[in-house]
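**Student:** Given next are the chains, with one letter for each unit.
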Amino acid sequence: MRTLLTATALTGLALTMPAQAQTELTYMMWGDPPELAVWQQIVEDFEALHPDISVSVEVSDWSSYWDRLRVTTVGGNAPDIFAMDAPIYPDWQSRGSLLDLTPYLEAEPTVLDGVYPGPLAAYQLEEGTFGLPRDFQTIVLYYNKAMFDAAGVAYPTDDWTLEDLRAAAKALTLDADGDGVTDQWGLSVELLDMEPMWGGVVYGYGGAPISDDHTKTLLAEGPAADAWTYLNGLALEDHSVMSAEDLESYGYDGFLAGVAAMTFSGHWVVPAYNELAFDWDVAPFPAGPAERATLVNSAGIVISSATEHPDEAWEFVKFVISEGGQSKLTELGFAIPVLEAVANSPVYLDQAAKGNHQVFLDALDYAHTKPSFKGYEEWSGIVGEELSMVWTEQQSIEDALANIPPAADDVLAANQ
Amino acid sequence: MSEDGIRPRGSERIWVALLLTPTMIGLALGALGSMAATIGLSFFAWDMLTTPDWVGLSNYLALPDNRNFMRALNNTALFSVIYVPATVVLSLCIAVLLNRGIYGKSFFRLIYFLPVITSPTAVGLVWTWIYSKDRGVLNGIIAFLGGEPQHWLGADLALYSVVVVNVWGAIGQGMIIFLAGLQAIPRDLYEAASIEGASPFRQFREITVPLLLPSIFFQTVLSTIYAFQAFDYVYILTQTGNGNSTVPTLVFNIYREGFNFFRMGNATAQAVVLAVIVMVLTLVYAQLQKRWGQV
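Protein sequence lines correspond, in order, to chains A and B. Numbering that gives the first Met the number 0 applies: residue 0 is where the first sequence begins, and numbers increase by one. Numbering that gives the first Met the number 0 applies: residue 0 is where the second sequence begins, and numbers increase by one.
Hint data in this document are derived by calculation from the structure and do not stem from the laboratory. Since this is a predicted model, take the numbers as computed values, not measurements. Only true hints are included.
Chain A is faced by these chain B residues, among others (derived, beta-carbon under 10 Å):
hint : residue
1    : T49
2    : D64
3    : D133
4    : D155
Note that beta-carbon positions come from the ideal geometry of N, C-alpha and C, so glycine has one too.
Could you build all of it, start to finish, from the sequences and the hints given here?
**Tutor:** Pasting the structure below:
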């Protein structure tokens with residue numbers, strides 16, 4: 000028996016030796032060139048530990064990323080490892096395009112030690128765990144101190160309510176040169192997707208975008224409807240929020256362009272905002288009448304079910320989640336690490352970039368996870384389309400709230 | 000004997016077969032192959048990644064209840080009803096004008112044909128700017144004249160705005176077809192009519208239009224097929240932030256269903272319905288042409 004085992008082990012070794020020469024993996028993600036540079040450092044560290052594996056990183060902007068991923072996956076050339084967004088993850092899982100990591104996690108359960116449970120839960124489906132969170136984002140309020148000082152408005156505090164926000168936004172929306180055209184806005188934020196702002200407001204009013212079992216769209220019901228009255232007042236009555244056309248002429252981010260006093264965003268803007276000439280800081284998402292709420296979402300890392308090197312790909316995923324990988328990723332400043340120990344270490348808290356980074360971690364206490372379910376993309380498409388007609392003043396918020404639930408619930412029913 | 004000239008004989012046949020082979024292979028694989036695949040796939044539920052499931056006719060039976068499909072069908076029908084007559088009439092009028100001995104004739108022909116050979120993406124982006132609500136050229140002019148700026152690409156007007164761009168882009172091609180037809184009408188018919196004292200309008204009605212009927216039918220068929228396939232300008236001009244459109248047409252909807260949501264079975268069923276609609280309309284035109292179009 001022993002000789003047989005030894006023989007098998009030896010043959011196994013002999014077989015793996017030449018294969019060890021070099022395994023080439025591709026990792027595809029969305030992001031900016033500076034992100035690519037940091038990921039290349041992560042890859043270098045990984046390759047130093049695993050000389051037999053080389054990883055090439057491919058990066059595209061958000062929308063072309065998903066197009067490329069669709070085309071390469073359907074064409075049978077999926078990258079071995081790729082980045083994932085939690086809300087879209089169930090769709091990709093249901094198409095059988097992701098490798099089930101459950102057996103790997105059962106063999107090495109310590110990999111998950113110290114990972115924030117919230118972001119992790121988004122990847123644990125009934126069918127198994129097909130991906131791991133890579134980093135996460137909580138939404139907070141960013142404010143331009145110079146604009147607040149100039150307008151004589153007090154900085155946002157930890158006690159701010161949504162009404163305080165509305166009053167400040169109104170006071171900060173100005174026509175500085177008196178030509179009848181607004182040239183400074185209180186807020187620059189996208190109101191189509193729930194993540195930056197409307198999700199936090201709906202939860203803050205005591206409503207919810209969708210039922211917990213993902214069978215019913217609730218965003219027009221009861222307290223949620225009050226949230227929309229609030230948002231409608233802020234955007235269309237006070238004109239405190241930059242419209243899409245206003246934004247277009249300033250390059251898609253009014254806060255970055257220095258024409259909006261506040262914005263709601265995740266940590267991903269910090270590296271860009273750090274370059275800004277003016278002084279800014281962050282504050283918690285203002286409290287609604289029912290509770291203080293915000294959204295948390297995580298970017299994940301998954302392995303293609305079609306990969307020829309699942310074991311090597313798993314090594315890379317493990318490294319990204321490890322303390323070494325997470326520390327490197329944190330230095331970049333785009334995101335918050337998923338390892339609690341790294342998030343609470345100086346690597347994250349004392350990073351060179353401006354802003355109070357503790358605010359993002361504290362937000363976890365009152366954050367709701369951005370809903371994630373099969374059919375999310377189509378569902379959010381319907382919601383966003385109706386809302387876009389509201390913010391461009393082609394239909395009233397009441398009409399949008401009447402139109403969304405039947406169409407959105409059809410999508411939910413088709414994805415059960 | 001006139002038709003013998005184009006009939007190959009002897010060894011010529013081998014050459015003809017040889018030279019036609021690449022085209023025939025391309026046609027068989029590219030066109031007929033994908034048609035067969037499309038029809039076949041429309042009976043399956045397939046997400047492009049897992050194995051297709053046979054579902055019989057249910058992709059088709061679900062279409063009447065599919066609100067996106069019905070909306071796109073409605074948009075496309077309305078689009079065609081405006082687009083086809085507008086293209087045919089405008090390109091005919093321009094062709095007739097350009098067929099006369101006006102000064103700078105070739106310059107105008109070039110100008111009208113230019114949109115046909117320009118990339119729809121570039122053209123679409125320019126029109127986006129023209130139609131833009133707050134900073135667009137069109138609203139700038141309207142505001143200057145004291146009018147109320149309109150949301151040209153908004154839900155109410157987008158269909159008409161997109162039809163205008165499509166008609167503008169298609170006039171050049173129609174014009175070329177009509178110019179060719181006009182050149183084929185014998186001069187002496189007009190000379191004889193002039194001698195008889197027929198007015199230019201009467202000459203147009205009694206000579207030009209009847210003799211151009213084959214071209215008019217041809218152009219109508221082409222425009223109809225094009226109208227049902229409208230996609231490029233719709234995609235560029237009316238796409239909303241989340242990938243939908245303010246006026247989704249059938250092809251836009253098929254694209255989204257198939258490539259965004261991975262529902263290939265549904266998408267192909269819609270494509271087959273689209274093909275059947277175009278085929279039926281073409282057959283109707285062919286019948287009409289048999290009855291009225293023979294010269």
